[in-house]
Amino acid sequence: RLLGGLRLSGLNRVSMSQAVGGFLSKVQQHIGRENGRQVAKLLEMVGVPSGVKQAIRAAGRSKGVVNMAKRQLRGPWGPFVGSYLVSASMLDANRGIEAAEAAKDLQKFTIKLMDTLLSAANNADWDAPRPGGKPANWYLPVVNSAVLQLRLSAYAADDEKGNTDEQREMLRLIRELLVCCIRKQKAPPKQSLKMGVVFIVNHIFKICFRINLLRMTHDLQRTFADPSIPKIEEFPKSQAVTYKYFRGRIQLMDEKYSEAEKDLEWAFQHCHKGARKNKMRILQYLIPIKLLRSKKPKPRLFQKYPFPQFEVIMKAVQSGDLKMYNDALMHYEDLFVQQGVFLVMEKLKKFVFRNLIKKVYLTNASISDATKWQIPLLYIRFALKICRVEVDEDNFDEIECMVANLIYDKLIRGYIAHERYLVVSKKIPFPDPNAAPTQQQ
Amino acid sequence: HVSGMSSRGRGGRRGRGGRRWRSRNRHSSSKDKTWRRGATSRPSHGETRVDSKGRVAGEAGSASSQFVGTMQELEKSYFRLTRKPKPSEVRPLAVLQKTFELLRRKRAEGAGYEYLSDQYKSLRQDLMIQDIKSPFTVLVYETFARIAIEITDLSEFNQCQARLKELYAEGRDRREPEMVKNYHEFLSYRLLYLLVTSRSMEMMEFLRSLAPKDRKDKQVRFAMDVMIAVTQGHYHAFNRLYNGATPLVGSVLKIILPRVRYRTLAKGIKAFRPMRTTKIEMWMRILNFPKQDECAAYLAECGVSLSKDHKEVLLNQTKNVKRPKELAQANKHNGGGVVHGLF
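Line by line, the protein sequences give chains A and B. Under my numbering, think of the first position of the first sequence as 1, with each following residue one higher. Under my numbering, think of the first position of the second sequence as 1, with each following residue one higher.
Simulated from the structure, these hints should not be mistaken for lab results. There could be a bad hint or two in this list.
Below, in silico cross-link-like pairs of lysine to any residue (SDA-like), each with a Cα-Cα straight-line distance of 25 Å or less [said to hold, decoys possible]:
hint: 1; chain 1: A; residue 1: K410; chain 2: B; residue 2: P274
hint: 2; chain 1: A; residue 1: K161; chain 2: B; residue 2: L210
hint: 3; chain 1: B; residue 1: K308; chain 2: B; residue 2: E281
hint: 4; chain 1: A; residue 1: K256; chain 2: B; residue 2: L210
hint: 5; chain 1: B; residue 1: K325; chain 2: B; residue 2: S198
hint: 6; chain 1: A; residue 1: K161; chain 2: B; residue 2: D173
hint: 7; chain 1: B; residue 1: K213; chain 2: A; residue 2: E333
hint: 8; chain 1: B; residue 1: K218; chain 2: B; residue 2: I269
hint: 9; chain 1: A; residue 1: K358; chain 2: A; residue 2: Y379
hint: 10; chain 1: B; residue 1: K270; chain 2: A; residue 2: S294
hint: 11; chain 1: B; residue 1: K270; chain 2: A; residue 2: S228
hint: 12; chain 1: A; residue 1: K256; chain 2: B; residue 2: H333
hint: 13; chain 1: B; residue 1: K254; chain 2: A; residue 2: D397
hint: 14; chain 1: A; residue 1: K349; chain 2: B; residue 2: P212
hint: 15; chain 1: A; residue 1: K41; chain 2: A; residue 2: R130
hint: 16; chain 1: B; residue 1: K213; chain 2: A; residue 2: L329
hint: 17; chain 1: A; residue 1: K349; chain 2: B; residue 2: M227
hint: 18; chain 1: A; residue 1: K410; chain 2: B; residue 2: M227
hint: 19; chain 1: B; residue 1: K325; chain 2: B; residue 2: T152
hint: 20; chain 1: B; residue 1: K165; chain 2: B; residue 2: S155
hint: 21; chain 1: A; residue 1: K296; chain 2: A; residue 2: L329
hint: 22; chain 1: A; residue 1: K295; chain 2: B; residue 2: S200
hint: 23; chain 1: A; residue 1: K206; chain 2: B; residue 2: P247
hint: 24; chain 1: A; residue 1: K256; chain 2: B; residue 2: M201
hint: 25; chain 1: B; residue 1: K213; chain 2: A; residue 2: G162
hint: 26; chain 1: A; residue 1: K349; chain 2: B; residue 2: A266
hint: 27; chain 1: A; residue 1: K372; chain 2: B; residue 2: I269
hint: 28; chain 1: B; residue 1: K322; chain 2: A; residue 2: D409
hint: 29; chain 1: A; residue 1: K349; chain 2: B; residue 2: R240
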C-alpha cells in the first residue's frame with residue numbers, strides 16, 4: 001500500500017520498501033554524524049544504486065515515502081526528507097506541477113528544520129567546542145539541495161503551464177529562506193547560517209535571469225552590505241565566482257562598467273580551470289567591457305575561447321571600418337540583445353570613428369606634412385564614402401556631431417572649424433584611449 | 001439628457017431607488033451606504049470578494065457567475081473599491097460603450113484632463129469588475145494612454161501600459177488580431193518611457209523580452225534608434241528623429257530634449273571654442289531651435305555671450321555656463337513618478 005500498488009519491474013513490494021527503508025537509515029546515519037555533504041549527496045541520489053533509486057522514485061510518486069520518512073527520521077528531518085523525495089520523484093517523472101506543489105511543502109519544512117536546528121545552536125554552550133567537531137551550520141549543503149529542488153520544480157511547472165507564475169512564487173519562497181539565514185545567531189559568522197547567503201542569492205539570481213525579472217536584483221545585493229556577513233571572497237570559491245559573475249552582469253546592464261569589469265575579471269581568474277563552459281560564459285560579458293575600455297584581448301584568447309562576434313567587431317574597430325562594424329552589429333543584434341550587451345557594443349562605434357579619423361590624419365600627413373594637423377572635413381566624408389557608408393552631402397553636421405563627441409570624450413585633442421576642418425593638436429592629437437576616462441552619456 | 005450627474009452640490013438623493021453619483025465623489029463608501037435605502041453599515045455578506053486588482057471574484061473558474069452591472073448613467077466618478085460592488089453601481093458593457101463615445105466627444109470639445117482622467121479610471125474599473133477583456137477594453141486603455149502621453153502624465157501612462165501588456169497577451173492567446181493591432185505602437189512608447197526615466201536596467205530587460213521580429217517593427221525600431229542616439233550622445237541623430245517623430249512620440253521626446261540639448265551645448269562649446277565667433281544658425285541646428293530668438297534666449301540664459309545683434313555666438317568670451325530652467329523641469333521626470341496602480 002505504501003508503494004501505491006504501482007507495477008514495478010524486478011523488485012517486489014517487500015524488497016522495495018526495504019530498499020527505501022535502508023536508504024532512509026543511511027540518511028539518518030549521516031544526520032547523526034552531522035555530515036551535511038553526505039546527506040545532500042544521498043538526497044540528490046549521487047551514488048545510489050539504480051534499484052534503490054527506482055524504489056524511492058516510486059515511493060515518491062505515490063507519496064508513501066512521506067510516512068516512511070516521518071517514522072525513520074527524527075524530528076523535523078522526517079517531513080523535510082519526505083517532501084524533498086516526493087518533489088524530486090515528481091520532477092523525475094516529468095510531473096512538474098506536482099513537483100512544484102510538493103516543493104512548496106518542502107520550503108515550509110526547510111524553514112522548520114532551520115528554525116529547530118538554529119534554536120538548538122543558539123541555546124548551546126558556545127564556550128565548549130561542539131561535540132562531533134562539525135560546525136553549527138553543517139546542514140547547509142542540504143539546504144542547498146532543497147533550494148535547488150525548489151528552483152528546478154518551478155522551472156518544470158512553468159514550462160508545463162507556459163508562464164512564469166511558479167518561478168515568481170519560488171522567488172518569494174526562497175527569499176524567506178534567505179531571511180532565515182541572516183537572523184541574529186550566537187554562532188560566529190563562519191559557522192552560522194550566514195554562510196548560506198551566497199548560494200541562496202545565486203539561486204535567486206538564476207531565476208531572475210531566466211524569467212528576465214532583473215529589477216529585484218538590486219536589493220539582493222544590499223544583503224551584503226550587512227557587516228556581519230563575511231566578504232564574498234571568504235565563501236567557497238564556486239559560490240563566490242557564480243555570485244560575482246551575476247553581479248557583474250547586473251552592473252553591466254546598469255551601465256556601471258568599471259565595477260562590472262572588476263567582478264567579471266575576478267570571476268574569470270578564480271573560475272576553476274576545467275570549467276570551460278563557465279569561463280566562456282564569463283568572457284561573453286567580460287570581453288565587451290574590455291573592448292569598451294579600449295583594452296584589446298590578445299589573439300591567444302580567441303584561439304582558446306572562440307567568439308566570432310567579438311573578433312569581427314574588434315577588427316572593425318581597429319581598422320576604423322564603419323561598414324564592417326555596422327554590418328556586424330546588425331548580424332549579431334539578436335545575440336547581443338539576448339546577452340544584454342547590445343548597448344555596450346553600440347558604444348564601441350565612437351572608437352571605430354576615431355580610428356577612421358586617425359587613418360585620414362595619417363594619410364593626409366603623408367601627403368602634406370606641413371598642414372597635417374588640419375584635417376579637411378571633406379576628407380573625412382570621402383573616407384566614409386570609401387567605407388560605403390551613407391553620408392550627408394549637403395552639410396557636415398553629422399560628421400561634426402561625431403567629431404564633437406570624440407573631442408568631448410577626450411579621444412581626439414583638437415577643435416572644429418565649422419564646415420571646414422578638424423584641427424588637431426600638434427603634440428598628441430589622438431591620445432591613448434586607455435588613459436582617457438570614458439565619459440558616460 | 002444623458003448625463004448621469006445629479007445636482008453638482010451635495011445631497012441629491014432622489015426618492016426612487018438607484019443611486020446617483022455626485023461629481024467629485026471623494027467620500028468614503030461607508031457614507032454612501034447610509035444613503036441607500038435599507039442599507040446597513042455592515043460590510044456585505046461573506047468575505048469581501050474583491051481581489052487586489054479590484055476584480056470581483058466569482059466562484060472558482062465558473063464563467064456563469066459573471067458579474068454584470070445594471071447602472072445606466074453614463075458618467076461616474078472614480079472611487080476606490082473596498083467592498084464588493086453592487087450591480088447598480090456598475091455600468092454594463094452597452095452603457096460603457098456609450099460612455100466611451102461621450103468621453104471622446106467631450107475631449108474633442110476640450111474637456112479638462114482631470115475630468116477625463118477621473119472618468120476613464122471609473123470606466124476601466126467597471127470593465128475590470130465585469131472581467132471584460134475584449135477589443136473594446138484595449139481601445140479604452142489605449143485611448144486613455146495616448147491622452148496621458150500627450151499631457152506627459154507618465155505615471156498614468158505606465159499604469160495603463162502595464163494593463164495593456166496583459167490584454168495583449170490575452171489577445172494573442174485568444175488569437176484576436178483586433179486586440180493586438182497597436183501592439184508595436186505601445187511597445188515603442190514603453191521603451192521611450194524607460195529611456196526618459198533613465199531606467200537602463202529595465203530598458204535592457206525590456207529589449208530582451210521582445211521577440212526578434214518585434215524589434216524589426218518600424219515603430220519599435222524608431223524608439224531603439226532614439227535610445228541609441230540618446231545614450232551615445234548623437235545629438236544630430238536625435239534631432240533628426242525628434243523632428244520626424246509622430247506627435248505622440250514627440251510628446252515623450254520633448255521630455256528628454258532639454259537634457260540632450262544641454263549636453264550638446266557643452267560639447268559644442270568644447271569643440272568650437274577656439275573659433276572666435278560662431279554663427280547662430282549653426283547653434284540653431286545643433287540645439288534644435290527652429291527660431292533664432294528662442295535659440296538666442298536659451299544661450300543667453302545659459303550664460304553664453306552673444307553679439308549685440310544676436311547673430312554671432314562668442315565662445316571665447318563665455319566663462320561660466322549654467323543650467324537653463326527647462327532642464328530643471330525636465331529632470332523631475334528622471335527616474336521617478338512611477339505609481340503602480342490598479343487600472
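- [ ] Hints the structure violates: just list their numbers, smallest first.
- [x] Of the numbered hints given earlier, those the structure breaks are 8, 11, 23, listed in rising order.
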